[in-house]
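Number of protein chains: 2
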Amino acid sequence: MKIIDGGICAAKGFKASGTYCGIKKPSVDNINHDIKHKNDICLYVSDVVCNAAAVYTQNKVKGAPILVTKANLEKSGNKAIAVIANSKNANTCNADGVEKADRMCELVANELNIPKEQVIVASTGVIGQILPIEPIEKAVPVLAKGLCYNKNLEAATAIMTTDTIKKEYAVEFEINGTVCHLGGMAKGSGMIHPNMATTLNFITTDCAISSELLQKALSDIVKVTYNCLSIDGDTSTNDMVCIMANGLAFNDEITAEGEEYETFKNALYEVMANLTRMLAKDGEGATKLLECICSGAKNLDTAITVAKSVICSSLFKAAMFGEDANWGRVLCAIGYADAEFDINKVDVDLRSEKGTISVCKNGAGVEFSEEVAADILSADEIYIDINLNDGNTTAKAWGCDLTYDYVKINGDYRT
Amino acid sequence: MKIIDGGICAAKGFKASGTYCGIKKPSVDNINHDIKHKNDICLYVSDVVCNAAAVYTQNKVKGAPILVTKANLEKSGNKAIAVIANSKNANTCNADGVEKADRMCELVANELNIPKEQVIVASTGVIGQILPIEPIEKAVPVLAKGLCYNKNLEAATAIMTTDTIKKEYAVEFEINGTVCHLGGMAKGSGMIHPNMATTLNFITTDCAISSELLQKALSDIVKVTYNCLSIDGDTSTNDMVCIMANGLAFNDEITAEGEEYETFKNALYEVMANLTRMLAKDGEGATKLLECICSGAKNLDTAITVAKSVICSSLFKAAMFGEDANWGRVLCAIGYADAEFDINKVDVDLRSEKGTISVCKNGAGVEFSEEVAADILSADEIYIDINLNDGNTTAKAWGCDLTYDYVKINGDYRT
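Protein chains in written order, with the numbering used here: chain C, 1 to 415; chain W, 1 to 415.
Hints are not guaranteed to be accurate.
[Said to hold, decoys possible] Simulated pairs of lysine-lysine, DSSO-like, Cα-Cα distance not exceeding 27 angstroms:
| hint | chain 1 | residue 1 | chain 2 | residue 2 |
| --- | --- | --- | --- | --- |
| 1 | C | K408 | W | K408 |
| 2 | C | K116 | C | K138 |
| 3 | W | K166 | W | K38 |
| 4 | W | K345 | C | K70 |
| 5 | W | K361 | C | K70 |
| 6 | W | K408 | C | K354 |
To be clear, the hints were calculated from the coordinates, so they are not data collected in a lab.
Please model the complete structure; the sequences and the hints are all you need to start from.
Structure, rendered in structure tokens:
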């Protein structure tokens, strides 16, 4: 497997474009006082019909685009050609939300001359503000005209809200000697605590694979990637991951589990795990990426539950911001995880590029140098290694520190 | 029922004392440069043996004092006479923790000439630091000598860690014409998200009531008071609520459910709900108390789950700090609550002493004046009224805003 450029355009036959339509407010550049218009809407399209799969938020409040996309994929038998997505307005909790989301699909369908139910729609941003449809009506022809096989970046920037960096990742891999590609883009920085789904994530591949296996692979990988991510414990109303496979790599279609399916799943894991990591690193206000690796678990659910519990602890997150090796907070979070294990067998190490220290052995503290610990925690990426010494399963969870800036950003999000 | 002074000494026959033994570091007064020694250990004692009941943290990591107290009450058949508690060191995750906690009970037992198993012990503070026993050995005789029927304040200040105010509450009530008293003290400011128990809370009463009913009343009331509190989502390892009833009011002992039991339970609710409110208001870094009232629920669990979900949302907490009427975050948190109801029937109002505004009706936003909303949210105590319009049950949950100071306090807690 090879890491490549191209994001959602890395796979053959996917074109993308992005533009500014007026949902985001123009911003003024502090240096040269120019008015800047950031992309706020994007479109991407496959040259041929794709098998599609998606997972959605488990929040009872569901954004209107979620409802419309779900209905479309049901109607089309999990086939899709195009995706339209906007940022800054979530089109959620609005009386006319479904009508507007449906209209977005219709606009794309008319412009590209494809069936409306083969269009996926997504929105992200503020909840409960009416989505203005006129700017989108004007933008769709512009987006269609702008479609290119290398404009993945235009699309990746158009879905950003409080994100500070664009998130793309793509890989090249072989299925039975045929070169395939799989890539994706993601957005998200706050309201991130995916539950069976996640923030907006879009994946494309040219690998030929049946809809059923595509959905199975997506659901399995979501469980160990996006669902192991938490920025702030809040599960969004608009979370969605969708994947489209257009088959243009011309490998023999994967229709059964086996070696090829595993190869495909590995590629999907690689892309989704790396996008997850980028989301964690760009968490609202974050200065540090936290990666918790729970090993020695008797099963996957235990490993995930323990790793996520640590990543979600506000106290531990604040301690990491302060670069304070307060391992008692790791133990506390392990202790309230809803999983079965023997707390007296638990070991904990803290690790970064600067070194590793053991802080807890058999559930009790061990002496360590605060100086060495402070040096290790001064790094940008901190690893928390937990060994339950109770089995052979490992899982990872990703998060970030809790900072003044998280409070600042969310104390005044709407204005 | 009448609110009275006296905290844990409000009930007849309870003496208390507190002192500085050296577990807390001395602090220097910024104004007159005096060295200050804050109380860090306390003792309170009943004149006669009490029926006792307690609930403990559900965290798998349990502080050694929790283990020792539980064992003592089992051995004594839920009888207790004295309570010793220290702050600044939790005596948790230490290899010699149980031995030290047991030694604390022994010191008190020897000094007061009572059975060791009738002593309750509690510790709160940093996890994983060895508890120095010598200062406690020196302190116990001082504490015993200092016991007075009005030194509740000495004890209430001795259990404070990051608390900024002492928390006491007491009431007077009548059981069949006999005047009874019930009062308590609490500590806690961070690592507060009680699960079947809570942070340290001590209640005393002179009401005569059987151990069984005392335990039942405590467990029932904990569910709708302390367990409906969250400061930061972290369930502490040392949470404990204990209540001691010495019978010195000389009412006919309550031994069955009925009118007298309900009167007692109301008094217990009054004290525990008010202590819970004080804990929320003094949450680490908090500037605002948040009280979420969920009504119209089909059962108590639904009402509690929904109210707690809102109170726990980091995004909503930060929005309240920013005085931003971002009601979408209330809807989002309601939506991911693990409970069954129809999101399209949900109404939400925001309220304070300055007024009330409706922000959401039938699950969708309603227009409101941002100016009026900002004025309402500028108050110190904010009420979030949620009506599920699905039944007749109501529950409350308490929390606080998420602020820069929470991050500051927890970025550097140990030093």
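Evaluation of the provided hints:
no.	hint	in the structure
1	C:K408 / W:K408	holds (13 angstroms)
2	C:K116 / C:K138	holds (18 angstroms)
3	W:K166 / W:K38	holds (13 angstroms)
4	W:K345 / C:K70	holds (23 angstroms)
5	W:K361 / C:K70	holds (25 angstroms)
6	W:K408 / C:K354	holds (25 angstroms)
Of the hints listed earlier, there is not a single one the structure fails to meet.
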